[in-house]
Amino acid sequence: MMDLDILKVRDASDVEDAVRAALAAGRPLEIVGHGSKRVLGRPVDAAAVLDLSALAAVTLYEPHELVLTVAAGAALTDVVTLLADHGQQLAFEPMDVRPLLGGEDAGTIGGMLGAALSGPRRIKAGGARDHFLGFSAVSGFGETFKAGGRVVKNVTGYDLCKLMAGSWGTLAVMTEVTLKVLPKAEAETTLMLRGLDAATANRAMTAALGSPHDVSGAAHLPASGLRGPCAGLAAGAATTLVRVEGIDVSVADRVAALRRELAGFGAVEAIEGEPSKAAWQAIRDVVPFAAGGALGAWPVWRIVCPPARGCALGEELARESGGEAVYDCGGGLIWLALPPLPDAGAALVHARAGAAGGHAMLFRAAAPLRASVAVFPPLASGLAALNRRVKVGFDPHDLFNRGRLHAMTEAS
Amino acid sequence: MSILMPEFDKAVMARRGDIVTALRAIVPGEGVICESRELVPYETDGLTAYRQPPLVVVLPETTAQVAAVLRYCHDNGIKVVPRGAGTSLSGGALPLGDGVLLGLGKFKRIRDIDFDNRVVVTEPGVTNLAISQAVAHAGFYYAPDPSSQIACTIGGNVAENAGGVHCLKYGVTSNNVLGCEIVLMNGEIVRIGGKGCEQPGYDLLGVVNGSEGLLGVITEITVRILQKPATARALMVGFASVEAAGACVAEVIGGGIIPGGMEMMDRLAIHAAEAFVHAGYPLDVEALLLVELDGPVAEVDALIGRVEAIARGCGATTVQVSHSEEERLLFWAGRKAAFPAVGRISPDYLCMDGTIPRGKLPEALARIRELSVKYGLQVANVFHAGDGNLHPLILYDANVPGEMDRAEACGADILRACVDLGGVLTGEHGVGIEKRDLMPTMFSEIDLKQQQRLKCAFDSGGLLNPGKVFPTLHCCAELGYMHVHGGKLAFPDLPRF
Ligand SMILES: Cc1cc2nc3c(=O)[nH]c(=O)nc-3n(C[C@H](O)[C@H](O)[C@H](O)COP(=O)(O)OP(=O)(O)OC[C@H]3O[C@@H](n4cnc5c(N)ncnc54)[C@H](O)[C@@H]3O)c2cc1C
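Protein chains in written order, with the numbering used here: chain A, 3 to 414; chain B, 12 to 508.
Extracted from the complex, chain A is given alone in its bound form:
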């Protein structure tokens, strides 16, 4: 990264001033919290960095109301700890990108929402978007605006929270956000099947998710994807994992029922408590492809697709590229590590993911690669034009994170 001016703002009004100055001077900004996700997306074309890390205050936390309002620059780890002290959590299990990307910082709440990287519990609890209740932000017009509120039931005006979630800092600079928080489960158990091929594993996960047993995690790690230690999960054998959470009696009840339902797929093992938590954290953070591990140098793709087709798609891509795939969300989320290819496999991955009704993002790759290939999926022309018009409605001069989603030539 070249030497860029760093604008370290102290509060929301500083943010508005900085955006107005940038607007007047025609200097595009890179929006940064802790910088943990700067290597995601295309490299940004900016004249200055807007550093939000000093906006870290917790403005409101009412555990009984299940609501939290924090400044956008608050550290994700601090928030997770604060909630844990009250037996609560962000139920969508936000991913910690450190293992996969090799950084030292887990980032800020603003960055977490901007990237909307939800974890395994997404299948039951929804994603970051579904827990995002309200915010204040500065638009590319240099105006401070707010949307949403602090209550769960709210249809007053457009739901701009959803739009901001996963917008990669390209629409507005969030300064304060309100999130729904939920109690942690009292107990959890993970059932494991060993040695299933991917197609069978997909069927097992589909059976579990199609049952009334309220499964909160369903993942499959093929043997070849586990090349090193991974949260106590034995390397050398494919592992299919199904999690249930809740109060003790309920977990026991559902575990017993699921054992019966999964018996046809092979012997069912179980882990509970800490080992179970560790396994799901490793899945959430894609530890099999960790930066420091055997596949640490390979580019990694994140593919979302209809869950029942996930393993077929992943296997096909892995076979054709010589890569490795691991599966979360019952097959609906594929992490694919590919051996180095000139285009990081972009043409192949986008085409196959699209044909399967899904879409892919090049998640880990060196900057020159991210600058030269389509990191985000190409959109159908009508949808692309609509996305572009939405961007113009928030940031008409392309001040924020310019080029992060698409190269300028692609967008026009």
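Hints listed in this document are in silico derivations from the structure and should not be mistaken for laboratory results.
The reader is advised that the hints may include incorrect statements.
In the DSBU-like style, the derived pairs of lysine-lysine whose C-alpha atoms are separated by at most 35 Å in a straight line are [stated by the list, open to error]: (1) A:Lys-10 to A:Lys-148; (2) B:Lys-21 to A:Lys-126; (3) B:Lys-347 to A:Lys-182; (4) A:Lys-186 to A:Lys-126; (5) B:Lys-239 to B:Lys-347; (6) A:Lys-126 to B:Lys-347; (7) A:Lys-148 to B:Lys-180; (8) A:Lys-279 to B:Lys-347; (9) B:Lys-180 to B:Lys-21; (10) A:Lys-126 to A:Lys-10; (11) A:Lys-279 to B:Lys-119; (12) A:Lys-126 to B:Lys-385; (13) B:Lys-119 to B:Lys-180; (14) A:Lys-186 to B:Lys-180.
Given the coordinates of chain A, work out where chain B with the ligand should sit on it, guided by the hints.
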């Protein structure tokens, strides 16, 4: 009737004959309705105090027809109001006298039931309940359950981001929709999302949900379905004060229990409901709480015990637990019939829909009591207590001169109180015309302008459902919205700053 609608465009009205002919060329046969007698069923929605016959009604059957109708209207500067079943309680589907009412009633087909991916792909005119019925044989259902579910359409649910009793645990419409097809005002067809859990690009699905017919016409929807919980049981708990009932709600939720549903009624609503359906409600209490737990049998039994203990700790005067499905349904019968029950004791009522932080329930009820006295109108309270969504029903008689205006003023004050307590104007019924002019109590001019810039991205001419949601109509140029043509900004050669 204090809400002003945009002035009619006389030039458009004068072209009515041509418009009918042009629409008939797109939708043949009975799909175009213009006889004034036949327009009557369309002149209002669930907010029946407001009536307006549309210029003409068109009932297309295919997405291509919807696109052609919209393109024609776009090119000819004609306004369009989309309509599902017309059960909106905020006037969202109220026609415009100079506009085409586009009904989706013929989009009645479920296109795909995919149990492996746990989704249903459906046309927008299918009713909410019909989706659950279509998958019931395999033990599945569609979770959001507005009380109007036998009548309202899934398209209307998406447009209003409808909620229901079970949304406390399973989320509202937007949490349960994975994809849709929409037709923009210019006739362009755009597909958003699909059977996966995330969509590429911006989360446009998130803004289409709750867009109140202002962003596009929804022609297909992909919803998530769930397996029915193994069992459900309910508690019916009476309290001597609303404060005690409010405290109980806070303790249940704060204690980590998310019930399938948690509803509260006040004395007036309890009495009206009991007189109507004889559900066995206690009549000597100030507040009644219905708490439903659903899930595996062992879990439900355990949680019933915990909730009962919390309720007794909060000073409950009566606690009944359902021991059979009949008994559970009986507990609910009164709550489900609460609106019509109130309809029996008053010629007319207005149903409000504010949301407040749960902990402010007693305060909100106290304020509503004061307003009831101030305006001299009775107010019955029914609400989704678990998520703080209030439905005060303001009783009035439209035949008494001035009473309707008083009821509207009382309703507006109640909503202002909700905002004042940290809440919002509407939890599930939408802004429509009803709460349109109250938007500035919650949002600044800048907030509303930013919302309208989003509208510009979808409908730059402001022809789709104008006069709803936003108190002031701005044209997009006034909002500083720059026109983008074919993905390119106008004047691409000019410096970008
Ligand atoms: C007795 C009663 C009980 C109710 N209970 C509840 C409840 O518990 N929870 C709740 O949330 N609501 C409730 N409602 C309100 C209402 O049923 C919901 O808002 C419902 O979602 C409206 O659906 P509809 O098909 O009737 O839509 P309509 O009333 O026809 O339209 C509603 C809005 O959606 C737009 N629209 C409709 N279809 C489309 C489409 N295909 N594309 C684009 N825009 C469209 C219209 O323009 C309008 O703005 C209740 C209403 C009644 C009368």
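Outcome of the hint check:
For the hint pairing A:Lys-10 with A:Lys-148, the CA-to-CA distance comes to about 22 Å; that is within 35 Å, so the pair holds. This hinted pair does not check out: B:Lys-21 and A:Lys-126 have alpha carbons roughly 53 Å apart, beyond 35 Å. A C-alpha spacing of about 28 Å is found between B:Lys-347 and A:Lys-182, which places the hinted pair at or below 35 Å, so the restraint holds. Distance restraint check for A:Lys-186 and A:Lys-126: the Cα-Cα separation of roughly 14 Å lies within the 35 Å cut-off, and the hinted pair is therefore satisfied.
Between B:Lys-239 and B:Lys-347, the direct Cα distance comes to roughly 20 Å. Compliance with the 35 Å bound is thereby established for this hinted pair. Straight-line distance between C-alpha atoms of A:Lys-126 and B:Lys-347 comes to about 27 Å, which keeps the hinted pair within the 35 Å bound. Under the criterion of a C-alpha separation no larger than 35 Å, the hint pairing A:Lys-148 with B:Lys-180 is consistent with the structure, at around 27 Å. As the CA atoms of A:Lys-279 and B:Lys-347 are separated by approximately 41 Å, the hinted pair breaks the 35 Å bound.
Using a Cα cut-off of 35 Å, the hinted pair B:Lys-180 and B:Lys-21 is violated, with the two alpha carbons roughly 49 Å apart. For the suggested pair A:Lys-126 and A:Lys-10, the alpha carbons sit about 38 Å apart, so the restraint of at most 35 Å is broken. Taking the CA atoms of A:Lys-279 and B:Lys-119, the gap is near 45 Å; set against the 35 Å cutoff, the hint is violated. Of the supplied pair hints, the one linking A:Lys-126 and B:Lys-385 is violated, its CA atoms being roughly 46 Å apart against a limit of 35 Å.
For the hint linking B:Lys-119 to B:Lys-180, the alpha-carbon distance of about 29 Å falls within 35 Å, and the restraint holds. As the CA atoms of A:Lys-186 and B:Lys-180 are separated by approximately 15 Å, the hinted pair is consistent with the 35 Å bound.
In this structure, the earlier hints numbered 2, 8, 9, 10, 11 and 12 are contradicted, and the remaining ones agree with it.
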